[in-house]
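Participant: As a plain string of letters, each chain reads:
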Amino acid sequence: MEINQDILHKYTAGQCSEDEKLLVEKWLENDSWDSIDETNTAPSEIGQTMWVNVSTDTGKTKKISWLRVTAAASIVVLFGISLLHFKYDTRDAHSFANESFDQTKFFAADHYDVLLSGNTKANIDLINNKLTFTGDLIIKPKRNFTLLDADQNTLNFKAGREYFISDSPDFGKIVVFQKSDLAFLPSNMQIKIKEQFRSI
Amino acid sequence: MRALVFLSFFISIFLFSCNQITEQNIDPNFVLCLFNKEETPTSFLLVESLDEHEDVSIQIPLSTSRIGEREYLQKKGSFYRLSDRSSVFTKYQLQGASLIPVDSLQLRNNNIETVSWIDEENLLAVCREDVAEKKSQARVYQINVKEMKIVREDTIILPHATDEFWALHVGLVDFDKGDLWLAYSFFKSKGKYGHTTSDTTYYATINYGNLEIRNVQKETRSTYPGGYNIIQSYSFKDEIGDYYFMTNPGIALGNNVKLPTAIFRKKKGQHLVDATYMINISDAIGNHAYGMWYVGDGKAVIRNEQKNLYTDFSNFHSVYQFEYRVVDLKTGAIEKINFPLDKGTQKENVWSDDQYIYVAIDDSNDEHRVWKYNLKTKEVSKGIKLPNTTNYTVRLDYLK
Numbered sequence: 001m002e003i004n005q006d007i008l009h010k011y012t013a014g015q016c017s018e019d020e021k022l023l024v025e026k027w028l029e030n031d032s033w034d035s036i037d038e039t040n041t042a043p044s045e046i047g048q049t050m051w052v053n054v055s056t057d058t059g060k061t062k063k064i065s066w067l068r069v070t071a072a073a074s075i076v077v078l079f080g081i082s083l084l085h086f087k088y089d090t091r092d093a094h095s096f097a098n099e100s101f102d103q104t105k106f107f108a109a110d111h112y113d114v115l116l117s118g119n120t121k122a123n124i125d126l127i128n129n130k131l132t133f134t135g136d137l138i139i140k141p142k143r144n145f146t147l148l149d150a151d152q153n154t155l156n157f158k159a160g161r162e163y164f165i166s167d168s169p170d171f172g173k174i175v176v177f178q179k180s181d182l183a184f185l186p187s188n189m190q191i192k193i194k195e196q197f198r199s200i
Numbered sequence: 001m002r003a004l005v006f007l008s009f010f011i012s013i014f015l016f017s018c019n020q021i022t023e024q025n026i027d028p029n030f031v032l033c034l035f036n037k038e039e040t041p042t043s044f045l046l047v048e049s050l051d052e053h054e055d056v057s058i059q060i061p062l063s064t065s066r067i068g069e070r071e072y073l074q075k076k077g078s079f080y081r082l083s084d085r086s087s088v089f090t091k092y093q094l095q096g097a098s099l100i101p102v103d104s105l106q107l108r109n110n111n112i113e114t115v116s117w118i119d120e121e122n123l124l125a126v127c128r129e130d131v132a133e134k135k136s137q138a139r140v141y142q143i144n145v146k147e148m149k150i151v152r153e154d155t156i157i158l159p160h161a162t163d164e165f166w167a168l169h170v171g172l173v174d175f176d177k178g179d180l181w182l183a184y185s186f187f188k189s190k191g192k193y194g195h196t197t198s199d200t201t202y203y204a205t206i207n208y209g210n211l212e213i214r215n216v217q218k219e220t221r222s223t224y225p226g227g228y229n230i231i232q233s234y235s236f237k238d239e240i241g242d243y244y245f246m247t248n249p250g251i252a253l254g255n256n257v258k259l260p261t262a263i264f265r266k267k268k269g270q271h272l273v274d275a276t277y278m279i280n281i282s283d284a285i286g287n288h289a290y291g292m293w294y295v296g297d298g299k300a301v302i303r304n305e306q307k308n309l310y311t312d313f314s315n316f317h318s319v320y321q322f323e324y325r326v327v328d329l330k331t332g333a334i335e336k337i338n339f340p341l342d343k344g345t346q347k348e349n350v351w352s353d354d355q356y357i358y359v360a361i362d363d364s365n366d367e368h369r370v371w372k373y374n375l376k377t378k379e380v381s382k383g384i385k386l387p388n389t390t391n392y393t394v395r396l397d398y399l400k
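Sequences listed follow chains A and B, in order. Read left to right, the first sequence gives residues 1 to 200 (my numbering). Read left to right, the second sequence gives residues 1 to 400 (my numbering).
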């Protein structure tokens, strides 16, 4: 069984069998460059399609009907916003703790997912916009929000991103790195972060 | 997150249906690896030339946006990458606008520290192993990349680990006259994430036939030789086969900042590093550097940080601080190139031909462009402009 556009459509529609669901989730977690099955007769390989909207200024592409695109995109965005609005109109405050020494612990909240490293505690208060924590964690926001840390630094979190947060003295202060920025840390540091958070 | 991925997927499907890409038939000579804004996937940009008026390109997304996306080898248009999850070493080739996996190998290790090529087909890859057991042990693979076969794999236990600095970093490997040559140093952890390197470098010459260590040379002039050369280059051979390499004790690699960044030499046919030769970069420019590329005629380019512009790890990669300089390997003279300041730690973004040095720079105007330096006239001019969706241009590789 291969990943192709049909199976992705089925996945989003919640029509996948357990096996197919596992396969798609494995693909989403995969760290290889392998893309989806190319023998499918769909318009193009998925990566290529995903890149049309970010590569318009790089290639010899035909002119886009921007009016149509804008109209369509607006509908999609408005629909998305309305979903977000209805779903996320309440704010909350939660405390999380992972007393394990070396295992991570995952929590799903309404507005974010959070993955705590071993020996980590976090209090995420979206009502008063406060973050207090000790240890290391990864936050995956489902909506945009801003939090103040214990040193009164403003930390901005955007929906769909992943953030590594640490108060380790090795950094000298509380640090928040977007996932892509971790690639620039010294390799030994990256290895240690990857050892803790396998999903990075 | 998943919902957003799929939302963007369906938006792009829709856009695609409005906008069929013209079939592009380009014969790319270069590939640039782009870390993109808004955490969109890393991509390859394929171009035929690096000139300013180049307007034909293909962009290929890499399917994930994991942090190791830029860690690969490229040789003659084939790409090689080791998965740090599965330890599978995969060969990819470009086919039109796709990157196709063509073959793979299962290795025992999931992290390559340094590589070099014995010849066009045979790769030497060195991995550090048994870190948990505090053994200074390296695993050396010889891989024939044409047949994608492991020719041999060996474990080498290196001497000189100390109780305090016990963790091994093998930063350079060379193969000369039937002998392996490894340059390495030892580091220790500081706290949860930090590390520092001891003040000594070791150069081991090993008979590749029976793995007998023939000689270990101790170097105290600098530390942390090389680095991870699947990320950035730290060594080369010149026209006559003399081997030059740099040490990187700065914050971004060895983190023993009191010792200088320096260039050393091992002459062709010699197993010992030339004790009379050293270009002390830190003394000359007052800063550490990372990355070195040979541009011919006894000259190399280095990429240096500016310590007065960054505070610590939190902004080292994101401030516009990096400069480029030409080093005369014979005289040690160092001359700054008047490029815009660049950002991004450890980029592999320099290439040269007979006339120009080409460097892909992400400047403070959020312009992403290849800049050219004329080796004869020393004039700086513009090369190809890169997509404004770019955040960091982390690699520039010649495909031929």
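It is possible that part of the hints are untrue.
As the list claims (entries may be wrong) - Listed next, with one range per pair, are the computed distances between beta-carbon atoms:
1. A:107 x B:153: 38 to 44 Å
2. A:146 x B:191: 55 to 61 Å
3. A:108 x B:307: 24 to 30 Å
Stated by the list, open to error - With a straight-line cut-off of 20 Å between C-alpha atoms, the simulated SDA-like cross-links for lysine to any residue are:
4. B:190 x A:169
5. A:173 x B:268
6. A:105 x B:213
7. B:258 x B:286
8. A:192 x B:275
9. B:37 x A:108
10. A:140 x A:108
11. B:192 x A:101
12. A:121 x B:286
13. B:149 x B:190
14. B:192 x A:168
15. A:192 x B:83
16. B:190 x B:257
17. A:158 x B:336
18. B:237 x B:110
19. B:237 x B:188
20. A:121 x A:102
21. B:75 x B:55
22. A:121 x A:188
23. A:173 x B:209
24. A:194 x B:286
25. B:336 x B:355
26. A:192 x B:286
27. A:194 x A:102
28. B:177 x B:86
29. A:173 x B:192
30. B:192 x A:134
31. B:188 x A:105
32. B:307 x B:177
33. B:188 x B:95
34. A:140 x B:398
35. B:267 x B:307
36. B:37 x B:237
Read the hints as simulated data drawn from the structure, not as lab findings. Predicted model only: the values in this text are computed from it and were never measured. Ideal placement from N, C-alpha and C gives every residue a C-beta, glycine not left out.
Participant: A separate judgement is required for each hint: does it hold in the structure or not?
Facilitator: A quick look at each hint next to the structure:
{"no.": "1", "hint": "A:107 x B:153: 38 to 44 Å", "in the structure": "holds, 42 Å"}
{"no.": "2", "hint": "A:146 x B:191: 55 to 61 Å", "in the structure": "violated, 29 Å"}
{"no.": "3", "hint": "A:108 x B:307: 24 to 30 Å", "in the structure": "violated, 43 Å"}
{"no.": "4", "hint": "B:190 x A:169", "in the structure": "holds, 10 Å"}
{"no.": "5", "hint": "A:173 x B:268", "in the structure": "violated, 48 Å"}
{"no.": "6", "hint": "A:105 x B:213", "in the structure": "violated, 46 Å"}
{"no.": "7", "hint": "B:258 x B:286", "in the structure": "holds, 11 Å"}
{"no.": "8", "hint": "A:192 x B:275", "in the structure": "violated, 36 Å"}
{"no.": "9", "hint": "B:37 x A:108", "in the structure": "violated, 26 Å"}
{"no.": "10", "hint": "A:140 x A:108", "in the structure": "holds, 9 Å"}
{"no.": "11", "hint": "B:192 x A:101", "in the structure": "holds, 13 Å"}
{"no.": "12", "hint": "A:121 x B:286", "in the structure": "violated, 42 Å"}
{"no.": "13", "hint": "B:149 x B:190", "in the structure": "violated, 39 Å"}
{"no.": "14", "hint": "B:192 x A:168", "in the structure": "holds, 7 Å"}
{"no.": "15", "hint": "A:192 x B:83", "in the structure": "holds, 16 Å"}
{"no.": "16", "hint": "B:190 x B:257", "in the structure": "holds, 15 Å"}
{"no.": "17", "hint": "A:158 x B:336", "in the structure": "violated, 39 Å"}
{"no.": "18", "hint": "B:237 x B:110", "in the structure": "violated, 28 Å"}
{"no.": "19", "hint": "B:237 x B:188", "in the structure": "violated, 31 Å"}
{"no.": "20", "hint": "A:121 x A:102", "in the structure": "holds, 14 Å"}
{"no.": "21", "hint": "B:75 x B:55", "in the structure": "violated, 25 Å"}
{"no.": "22", "hint": "A:121 x A:188", "in the structure": "violated, 25 Å"}
{"no.": "23", "hint": "A:173 x B:209", "in the structure": "violated, 50 Å"}
{"no.": "24", "hint": "A:194 x B:286", "in the structure": "violated, 34 Å"}
{"no.": "25", "hint": "B:336 x B:355", "in the structure": "holds, 17 Å"}
{"no.": "26", "hint": "A:192 x B:286", "in the structure": "violated, 31 Å"}
{"no.": "27", "hint": "A:194 x A:102", "in the structure": "holds, 13 Å"}
{"no.": "28", "hint": "B:177 x B:86", "in the structure": "violated, 34 Å"}
{"no.": "29", "hint": "A:173 x B:192", "in the structure": "holds, 14 Å"}
{"no.": "30", "hint": "B:192 x A:134", "in the structure": "holds, 13 Å"}
{"no.": "31", "hint": "B:188 x A:105", "in the structure": "violated, 28 Å"}
{"no.": "32", "hint": "B:307 x B:177", "in the structure": "violated, 41 Å"}
{"no.": "33", "hint": "B:188 x B:95", "in the structure": "violated, 44 Å"}
{"no.": "34", "hint": "A:140 x B:398", "in the structure": "violated, 37 Å"}
{"no.": "35", "hint": "B:267 x B:307", "in the structure": "violated, 33 Å"}
{"no.": "36", "hint": "B:37 x B:237", "in the structure": "violated, 36 Å"}
Violation of the numbered hints given earlier is confined to hints 2, 3, 5, 6, 8, 9, 12, 13, 17, 18, 19, 21, 22, 23, 24, 26, 28, 31, 32, 33, 34, 35, 36; the remaining hints are satisfied by the structure.
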